[in-house]
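One letter stands for each residue in the lines below.
Number of protein chains: 2
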Amino acid sequence: MTNYDKFTTDEFQNKINTIVSDLSDKDSIFKLSEIYDKSSDNEHIKIIEKHLSLLMKPYKNGSIGLAQINPIAGDIEYNAKKVVKYIIHAQNIGLDMVVFPELILMGYPIEDTIDRHPIIVEENVKWLKQIAKITTSTTAVVGFVEPRKYDHLTGKKYYNSVAILKDGKIQQIVRKSLLPTYSEFNDYRYIEPSPVVGCQPAITLGNFNKDNVQNCSKTTVVNGRKYGISICEDCWNNKEFFNDTILYSKDPIEELSKENPDVFINCSASPTRAKKEQLKHNMLSFISEKYSVPIVYVNQVGAIDNSSFDGSSRVFDKNGKLLARAKSFKEQFLIVNPEKDLGKIYPLTKGLEKTLTEQKIYTLEYEPDLERTYKTIIQGIRDYFNKTGFKRAVLGLSGGLDSTVCAVLLADAIGAENVFGVSMPSKITSSASKNDAALLAQNLKINFTEASIKDMVETTNNCLQKLFSTVEKSWDCRYKQSFTMDNIQARSRAMFLWGISNEFERCLPIATSDKSELYMGYATINGDMSGGFAPIADVPKTKLFALARWLNENREVKNAIPEAIILKKPGAELAINPKTGKPLIAEDALMPYEFLDEIIWRIENKKEHYSDMVNSEFLYEKKNTVTRETKLEWLDKFYRRMSTALYKWSILPPSVIVDSRSINKYDYKQPITSSRINYKGLDESEIEKKILALL
Amino acid sequence: MTNYDKFTTDEFQNKINTIVSDLSDKDSIFKLSEIYDKSSDNEHIKIIEKHLSLLMKPYKNGSIGLAQINPIAGDIEYNAKKVVKYIIHAQNIGLDMVVFPELILMGYPIEDTIDRHPIIVEENVKWLKQIAKITTSTTAVVGFVEPRKYDHLTGKKYYNSVAILKDGKIQQIVRKSLLPTYSEFNDYRYIEPSPVVGCQPAITLGNFNKDNVQNCSKTTVVNGRKYGISICEDCWNNKEFFNDTILYSKDPIEELSKENPDVFINCSASPTRAKKEQLKHNMLSFISEKYSVPIVYVNQVGAIDNSSFDGSSRVFDKNGKLLARAKSFKEQFLIVNPEKDLGKIYPLTKGLEKTLTEQKIYTLEYEPDLERTYKTIIQGIRDYFNKTGFKRAVLGLSGGLDSTVCAVLLADAIGAENVFGVSMPSKITSSASKNDAALLAQNLKINFTEASIKDMVETTNNCLQKLFSTVEKSWDCRYKQSFTMDNIQARSRAMFLWGISNEFERCLPIATSDKSELYMGYATINGDMSGGFAPIADVPKTKLFALARWLNENREVKNAIPEAIILKKPGAELAINPKTGKPLIAEDALMPYEFLDEIIWRIENKKEHYSDMVNSEFLYEKKNTVTRETKLEWLDKFYRRMSTALYKWSILPPSVIVDSRSINKYDYKQPITSSRINYKGLDESEIEKKILALL
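If you read the sequences in order, they're chains A and B.
Residue numbering for the first sequence follows our numbering, beginning at 34 and increasing consecutively.
Residue numbering for the second sequence follows our numbering, beginning at 34 and increasing consecutively.
Just so you know, these hints were derived from the structure itself, not from any lab.
Hints are all accurate, no fakes.
Put simply, identical chains are the same to the list, so a pair is met inside one copy or across any two.
Listed below are the simulated DSSO-like cross-link pairs for lysine-lysine, each with C-alpha atoms no more than 27 angstroms apart in a straight line:
#1 K114 - K79
#2 K190 - K698
#3 K387 - K639
#4 K602 - K655
#5 K189 - K713
#6 K189 - K698
#7 K506 - K478
#8 K723 - K79
#9 K162 - K114
#10 K115 - K722
#11 K39 - K363
#12 K182 - K283
#13 K243 - K272
#14 K713 - K190
#15 K189 - K283
#16 K670 - K602
#17 K639 - K655
#18 K467 - K612
#19 K670 - K424
#20 K499 - K424
#21 K723 - K199
Model the full structure from these sequences, guided by the hints.
Put into structure tokens, the structure is as follows:
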């Protein structure tokens, strides 16, 4: 890829001239915009803008810039400066309009911070007002948290709003009506639903409520065109598309359509999750076709803690045909004109693209989701490090699949030179494992060393055995068999990693637990599940195998993961299986991963019960003979272990949500003390008997 | 206290006869009910019920039993059996009615469990239907999660409902209209607000929505009296009481009042928090007086994870006068008759009782809240252990305040014999600290031993120093000064405690971090902040000092906490202060605790900003000379440290919410990546300048 930043002004001018003369006008617009996205040199930007402004002349009327931004939650100055940058850019090339994602000045989500520290809301309003002053004839649509007057107030203290800025002033305000409050969304905790859809006059800023709804046009008129503006969830409630199963009784898009808008605009902050991209594509297409109105959807990009936003802002024409789509997982300024067929479609991640119009929403097929999974996690790691100020990562390399995939993801997210892999063998660790780890590190070009935990384990064990003998004198309840030795090993390793993190600047240790094992509580507290970040906590084991193969085929450096790592049966090498004399295999302690992952998938996606699963055939059963007894044993084990794993989920480090459902604590909450749920249920007659026995 | 359970049937009969002849009829009713609460012998219960049934004859018309239950979240069978027990009891003594807390069949909160595992909702409906069958002429008001039909549904999938059971049938259903979605409450995540207040016919069960609201009486008629029934938050929206600042536009109590009820009934699950008890008392009194209708408020008791419910169910007569109040923090069956002045007022915790009608909601005075704090935490610990199946606790005893108070609380919550205190001295630990710890353990009669961490620290340090030298070759960013050694000590101790927990049955290690230090991130990951439960995570240090003194004065065994522990300056004894040559005092590293705790209090309760605090005089400043420079330095340090402590809050073990606001992750959420918030803000002219600089 050409690095245009290194060119002198003259060289740059020449390059641009060549592009413009070689390519069609349309293609030039997008090529120049791509160069703009990577430019930091002001002179270069001036040159691009001069050309774009000329190229855009025929497309000016009805043109829109989609400003797909990666904000930092609560860092108003950082976000506002990005907004200013794109407003100026849109003005300089003479666009009609520039549109930003939902709540762009604040970043989404900000959660309860606005309640505990209301100053950040005051700040975002101050910035908004000052930004309005620099606007010219280009209309800017800017999301912000709007405070409502504090005293004598009915409802929550804030609106989730966008301001329409033009000619040095705030012209209008649009407020969100539908407030997602499920999964990772918590809008209703602090946001009041708007009693009205579409625009209200600027004068209502800060003191709007249901009693002073203005009887005005609900659209924004720009250059003779009417825009119907909505915010995120407002466009996700079409009764027909969702087959009569909807969350809210009101449909803002339906209401807006009655104002005969020329274009719908939707400002969003919609994180990526498995299967959601297909849904979003089809829904937006459906809406634009149904109302014969193009829709411009501008999405946030970047990760905020556990949520990874993919961007992929897009435009559908009035026939429901995709006209433009911004890049996934990248900041971008994309120019479109839905009226004049101006737009470029950047690809989604490969598998998604293929399945976009398929209705197979619920299958266990991983292939179409692997590139998205990879990019979602990469962005999640990178933004967590960048936004918290960390730069380096240290992780244990066991030669097993989990730490291997984590190492690859880290190397790609923050740079191989910033990753340190430490092989920490115990007396159980095989030399094959050590060699695999070393070879992986070499292939990835990450830093690597070996540090035995033997001394640590020995000393800890000596100290503990003495202590146990003492405790035993008072407490007559020592386990005959315990996992104490296994845990000492895992914790000694974590002690090393946290030590390095404490001793070296801006360095985080990594928790390598995967989703299948977290479901089973098969992870050591203060051991492998401890770290500053947990990259693969929402990826089940069987998908990790598929991802490992995908990485070997699709990364620039092929086959970085030694084949032996993918072929070996997962096992923590913490204990010896007395039956085989070899290290215990995880599947011996748990159950076949294919079966386990299918249980998880059935519970998460199909909301199946124990009895549903008893009575339906698993994919694993199609391929292997499983007695009914074994199947019941596995299902029982699953529910038993899951019930006691709830505490571990609650202390899991930040991680990226990848799947359509997860056990991430910001997505799914279950009381730890609800561990006695009877997941099998009882039938009516059993219940009746139990009640009669009490009489 | 007499243990009536040990009496033979004849002895018991005699005892009861004596009570009934010695006491007035009213007093006998309450005395017998108290004995009932502790009885497990069926013969005894029959005797009590026979007497109560006679004693209640003159009070029967309009009588109500308040069944203040401690449920287990999701354990439908356990909860339902308690409901059956109390229904039978109410029937046997001939009450008109028996009322249960909100969602009693499910336990509150259940969070997303009902969404991921819908079987528990099916189960709670099955149990409800079977329970209805055993009802007779005594009306039972039973809370449950009501599913809405799944397909072609508008809105959330569930209602938060109570069923009115009588004569073997479900008679009516009341559904919650106002859904708290703030702090620890998440009702709107899964519950649809009811479009109508009061009762709807039983036939609507499972398929009610806004289109089939029945035009029927909204009250429940029992024995000629009309009862207006509401659920928890439904009664918390009186515009007048809350001075025109309310969360919802609808007031269910106002609407119910139009049906001219004889009595209001409110089924609640309302956790205790500082200052809330006063508010609740005054609000309920206000409502009953305003409408000249008695109100019967039945609250859940017991803790579910981080929320501790105090019970204290109560009845106000139609003049707003308190007529009855159940015990705090105890299960109880309390009989009342608001019409006939039958009721007993059990005391609230002492300090609360004193401040009940005071309007000093926001002061930093700890005294009135100490007994409540103690009982809230005790119940939190006890229920967490009981409901998860744990029995024993192990904690480090440093001779410092935090571990000391934790040890006392644990001894009182789960029994001294189930607590093991381990003194784990390092070479920095003073002999005074060791002696204080030993003396404390002796006073508390908990198990105690000493285990040096010297070997662990030495081995770990040796291993790490080697490792650091290797890492340093690749990474040129080793800190000149680090906290690595401090952390190794804290982590070695946690390694011991988790080891004991792994080796002995049903044993949890305890995290001893306090609220002040958690705000400052002054706690070691995988060290002192690690554990299965964190008893004092919502108690600031200065309150802990007050609590320690209170414990010494108010526990049965006086002065269990050695005076030296209360007098010494807090410090972790992890490092030597180079200036003094003595162990570093926490206040040297942080700031005076009095000042720190006032910042926390101002942010949490008064929502003050940095600049508010700069400009107002702290209590600490009234007593000590603080230069402006020092004050700014402390404030800066506070915001800087708090911003980097967010991650630690996210991995904190379960703990009891005590204060009116907390940093518990189920109460307060702030993105970890929002660590760059500018808490000081900028003024408009600064913002303008920054924007102009971009043009």
